[in-house]
Amino acid sequence: MSLYEKSRAADFGFTEGEFGELLTEVANRSLGEGHSAQQRARFVESLRVDDLVLARGCAHGNGAAWERFVTLYREKLYSAASAIAREDGIARELADSLYADLFGMRVRNDGERVSKLESYLGRGSLEGWLRTVLAQEYVNRLRREQKLVAFDEAIEYEARASSLSEPRANNAQLADATDAALAALSSEERLLLAAYYLDGRTLAEIGRMVHAHESTISRRLDKITLNVRNQIVARLRAAGLSKRAAEEMLQADVRDLGVDVRNHLAQERQL
Amino acid sequence: MRKFSPFVRQHLGALQKQNGDHPDANLLLAFAERNLSSREQAAMLTHLAECPACREVLALSAKMSADDAASGDVLRTRGGPWLGWRLAAAAAIVCAVIGTVWGPLVFKRSSEITSPSIVVSRPPVSVPEPLFPKESDFATAKPQMPAKGKKEVSRQRNQVELADRYRVPSLEERYRVPSMTKLGVAKAGTEAETSDGSISITAAEAEVRAALPRPPPALPPATTVAPAPPASQVVVPSLMFSAGSRAASRQSLLLAQRSNPGSVWSLEGAPAEGTLRKSDDGGRTWRTISIDNATRFYALSGTGSNVWVGGADGKLFHSIDDGMHWTAMSVTDGDMSLAGAIIGIDAHGDSVTLKTDSGATWITDDDGVHWKHK
Numbered sequence: 001m002s003l004y005e006k007s008r009a010a011d012f013g014f015t016e017g018e019f020g021e022l023l024t025e026v027a028n029r030s031l032g033e034g035h036s037a038q039q040r041a042r043f044v045e046s047l048r049v050d051d052l053v054l055a056r057g058c059a060h061g062n063g064a065a066w067e068r069f070v071t072l073y074r075e076k077l078y079s080a081a082s083a084i085a086r087e088d089g090i091a092r093e094l095a096d097s098l099y100a101d102l103f104g105m106r107v108r109n110d111g112e113r114v115s116k117l118e119s120y121l122g123r124g125s126l127e128g129w130l131r132t133v134l135a136q137e138y139v140n141r142l143r144r145e146q147k148l149v150a151f152d153e154a155i156e157y158e159a160r161a162s163s164l165s166e167p168r169a170n171n172a173q174l175a176d177a178t179d180a181a182l183a184a185l186s187s188e189e190r191l192l193l194a195a196y197y198l199d200g201r202t203l204a205e206i207g208r209m210v211h212a213h214e215s216t217i218s219r220r221l222d223k224i225t226l227n228v229r230n231q232i233v234a235r236l237r238a239a240g241l242s243k244r245a246a247e248e249m250l251q252a253d254v255r256d257l258g259v260d261v262r263n264h265l266a267q268e269r270q271l
Numbered sequence: 001m002r003k004f005s006p007f008v009r010q011h012l013g014a015l016q017k018q019n020g021d022h023p024d025a026n027l028l029l030a031f032a033e034r035n036l037s038s039r040e041q042a043a044m045l046t047h048l049a050e051c052p053a054c055r056e057v058l059a060l061s062a063k064m065s066a067d068d069a070a071s072g073d074v075l076r077t078r079g080g081p082w083l084g085w086r087l088a089a090a091a092a093i094v095c096a097v098i099g100t101v102w103g104p105l106v107f108k109r110s111s112e113i114t115s116p117s118i119v120v121s122r123p124p125v126s127v128p129e130p131l132f133p134k135e136s137d138f139a140t141a142k143p144q145m146p147a148k149g150k151k152e153v154s155r156q157r158n159q160v161e162l163a164d165r166y167r168v169p170s171l172e173e174r175y176r177v178p179s180m181t182k183l184g185v186a187k188a189g190t191e192a193e194t195s196d197g198s199i200s201i202t203a204a205e206a207e208v209r210a211a212l213p214r215p216p217p218a219l220p221p222a223t224t225v226a227p228a229p230p231a232s233q234v235v236v237p238s239l240m241f242s243a244g245s246r247a248a249s250r251q252s253l254l255l256a257q258r259s260n261p262g263s264v265w266s267l268e269g270a271p272a273e274g275t276l277r278k279s280d281d282g283g284r285t286w287r288t289i290s291i292d293n294a295t296r297f298y299a300l301s302g303t304g305s306n307v308w309v310g311g312a313d314g315k316l317f318h319s320i321d322d323g324m325h326w327t328a329m330s331v332t333d334g335d336m337s338l339a340g341a342i343i344g345i346d347a348h349g350d351s352v353t354l355k356t357d358s359g360a361t362w363i364t365d366d367d368g369v370h371w372k373h374k
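Chains X and H are the protein sequences, given in the same order. Sequential numbering of the first sequence, starting at 1, is according to my numbering. Sequential numbering of the second sequence, starting at 1, is according to my numbering.
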């Protein structure tokens, strides 16, 4: 069965030529220059061509494509919005907004309407893409709202926090050692650390993000934190400190006080 | 939460970027569904390590996927009495057929069989065209009132099928059962269905069944959704953990991971070729995994995202991230080191047992840090 037949592109009004052009366009946008014909063929074979033609059919205003899209995904879109937004009103607004973008409420200069579905490239399931776009919209909305925090409040908070966390000269060695230890980590290791310690995600959440079991994430975090600690201590010792002094410096850093006060201030602000 | 110096945490936080370019939804999706090239994967990891916004998007997307799986479970229970009876009747017929054909054989042999059972994942089955009622109003999203009669039954049936299609295992499922299914030994066409839709068989049964006329294959052909893996790869075959004499009869291994929906490993053509392949979408598409081009691999096993591969010349490789990175393992016990080919691996959590073609057994209980020779 050819890719054209498999994709059922004919159902949504694509000729074989148009289907070929679509694949070429997707390969060009995804791969760029400098790939062999074999690599491009392999890439095209990995695409979700059925979802791709459905999305492009919708973007081109094909009625059969829209009928199928609505049947398969509209309900999922709204339930996904409910899953991420805490309030029903926000969820509804989020889904409505995305739905309008998918349908194509924006119009180009030449009068053509622009559907967000045009940007789907078939590199994963259409359902997954809708979830991702929805999540992006939600995060953008949150970040916009966070920027609206009272300006004077933010200035006061930052000033107090930074005054408590002024770097001390005697911690320069520790800072250098810490930066070097973090820089020596792989990007994946830094991702795990950031997700766990900065974002406060659970092991299960991180596991879902990187396709690993939570016990694996737990083991890896243990190894990474131990490794970072050992490296910092080793670098401090190389700089002339005793092992005990290095460990004490790492544990009893004065800037911890600043972090605690930051947390305390953050709690006060929430109250 | 684990202890981690706030000072280090503060420095980690300083590496985070609040502004700048972000990957588009296609790349994030491809990362989430594991379709990125190695170069793209590396770039994406670097970005994610520094971008809290994209981490948030990825986490939300994964959460919605899990919620969707849970709602799939709910949908399944809403099939109505007719659907329930139909499913029960269909299950009874399947059981009766299997019992009639294979039952006597299985029960006769079961008292003699002590070899480990095998479970191989089933490739995705094509879903019939949905029959939902037509909706023409795209602007509103009012909940639909349930239709009555046959139309409703048909709609519910399709909802269940769609839910099955898009379902990933719930967290409870993931953690209740062993994170990776057992693998096993079998020759083509000797599998039997278990209640959870996987295919199970024991090694000795496989041998007996191989001598019988071949029953219809329980694994639907992977060509239902192209591109299909090569014919030799549409597999049931072979021996996961065995004595050395069986290695020669091995055709290929399948390793299905419950913890990572859609992730399936195949060790194809062992021992002649021993090519390692992986599918991230339940067998729809496959890619060859290159770890060490000079090594032929004979054995494959894993738990969760831990994957172990072993082969000729005692070569053993371990991945703790479902094949994204590999570590060459050194298997030694004092002055002794593993010699010959590794022909069997059995991994359960941190405990791993290796079998070599010389009959030796090597065991570790700490994820490969220390080994004992037996």
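Because the hints were derived from the structure by calculation, they are not lab data. There may be inaccurate statements among the hints.
To be verified - Listed next, with one range per pair, are the computed distances between beta-carbon atoms:
| # | chain 1 | residue 1 | chain 2 | residue 2 | range |
| --- | --- | --- | --- | --- | --- |
| 1 | H | A14 | X | R141 | 21 to 29 Å |
| 2 | X | R108 | H | T327 | 47 to 55 Å |
| 3 | H | I291 | X | H35 | 17 to 25 Å |
Where is the CB? At the ideal position from N, CA and C, for every residue including glycine.
Against the structure, the hints:
1. The given range of 21 to 29 Å is respected by H:A14 and X:R141, whose C-beta atoms sit roughly 26 Å from each other.
2. One distance hint, 47 to 55 Å for the beta-carbon pair X:R108 and H:T327, holds here, with the actual separation near 52 Å.
3. Remark: the range hint 17 to 25 Å for H:I291 to X:H35 is upheld by a beta-carbon distance near 23 Å.
Hint check: no violations occur; every hint is consistent with the structure.
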